[in-house]
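Peer 1: Sequence:
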Amino acid sequence: MLTQVIVRMLMYVQFCVLGVFLLGAKIEPSCENKYFCYRRYSEEFNSGSLRSISFVESDLLKSRREKINAMNDGKYKRAMLKGYPAYFLSFEIVCEPRAINFKKVIFDGVEAEASVFYLYSPNLQLAGIKDFQMGSPDSNKRFLEIIFPVPVRNTFTISLRRGLIDKLKARDRLKITLITHYDKEFVVETDNFIKKYEF
Numbered sequence: 001m002l003t004q005v006i007v008r009m010l011m012y013v014q015f016c017v018l019g020v021f022l023l024g025a026k027i028e029p030s031c032e033n034k035y036f037c038y039r040r041y042s043e044e045f046n047s048g049s050l051r052s053i054s055f056v057e058s059d060l061l062k063s064r065r066e067k068i069n070a071m072n073d074g075k076y077k078r079a080m081l082k083g084y085p086a087y088f089l090s091f092e093i094v095c096e097p098r099a100i101n102f103k104k105v106i107f108d109g110v111e112a113e114a115s116v117f118y119l120y121s122p123n124l125q126l127a128g129i130k131d132f133q134m135g136s137p138d139s140n141k142r143f144l145e146i147i148f149p150v151p152v153r154n155t156f157t158i159s160l161r162r163g164l165i166d167k168l169k170a171r172d173r174l175k176i177t178l179i180t181h182y183d184k185e186f187v188v189e190t191d192n193f194i195k196k197y198e199f
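Position 57, counted from 1, in the sequence shown is what full-length UniProt numbering calls 57; the numbers after and before it change by one each time, with no gaps.
Warning: the hint list may mix true and false statements.
[Unchecked claim] Subject to a maximum C-alpha distance of 30 Å in a straight line, what follows is the list of computed DSBU-like cross-link-like pairs (lysine-lysine): (1) 77 to 34; (2) 169 to 77; (3) 141 to 169; (4) 175 to 196.
Calculated from the structure, these hints are not laboratory results.
Go ahead and model the full structure; you've got the sequences and the hints to work with.
Peer 2: Now the structure itself:
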């Protein structure tokens, strides 16, 4: 049992590089309730620390938008309408036997300013972000100090504004650098799926 764990850990360490090979990519549209529709793009990779990325566009259904427009609460109405469509970009990284927080995101060739806070009410909070929103790198500090016996699956999600989406869409390829709370860099380079699938 111990030998099996050690062998598995060594296999993960060997693949702890970001030279990634695309396993597959797909785009899925869905309207799962009476309020929102989604388009989700995802890519899976078969080697390296980056296991997958996914990009979700969430928008209000026309009927929901009409109901919001008919509301009397001007502040709520403005926030809801300004916050949609909403965009979320997630990275799944498996490499080290520890949890990871990220303190900085760099979009190669694009100026982008982060809003750093915990997103607990996306419907209202998305209207107030700068170019993108990310959680605080200081979240769960005690948890970040724990070293686990196996590699940890870390998912990091950021929310993006339409203006940043338009800037990224103008690029031929996407290159995004994620910097951890302990200054390790993960670099993601991929085809520009934002442009290809017309998000």
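Peer 1: Looking back at the numbered hints, which does the structure fail to meet, lowest number first?
Peer 2: Number 3 only.
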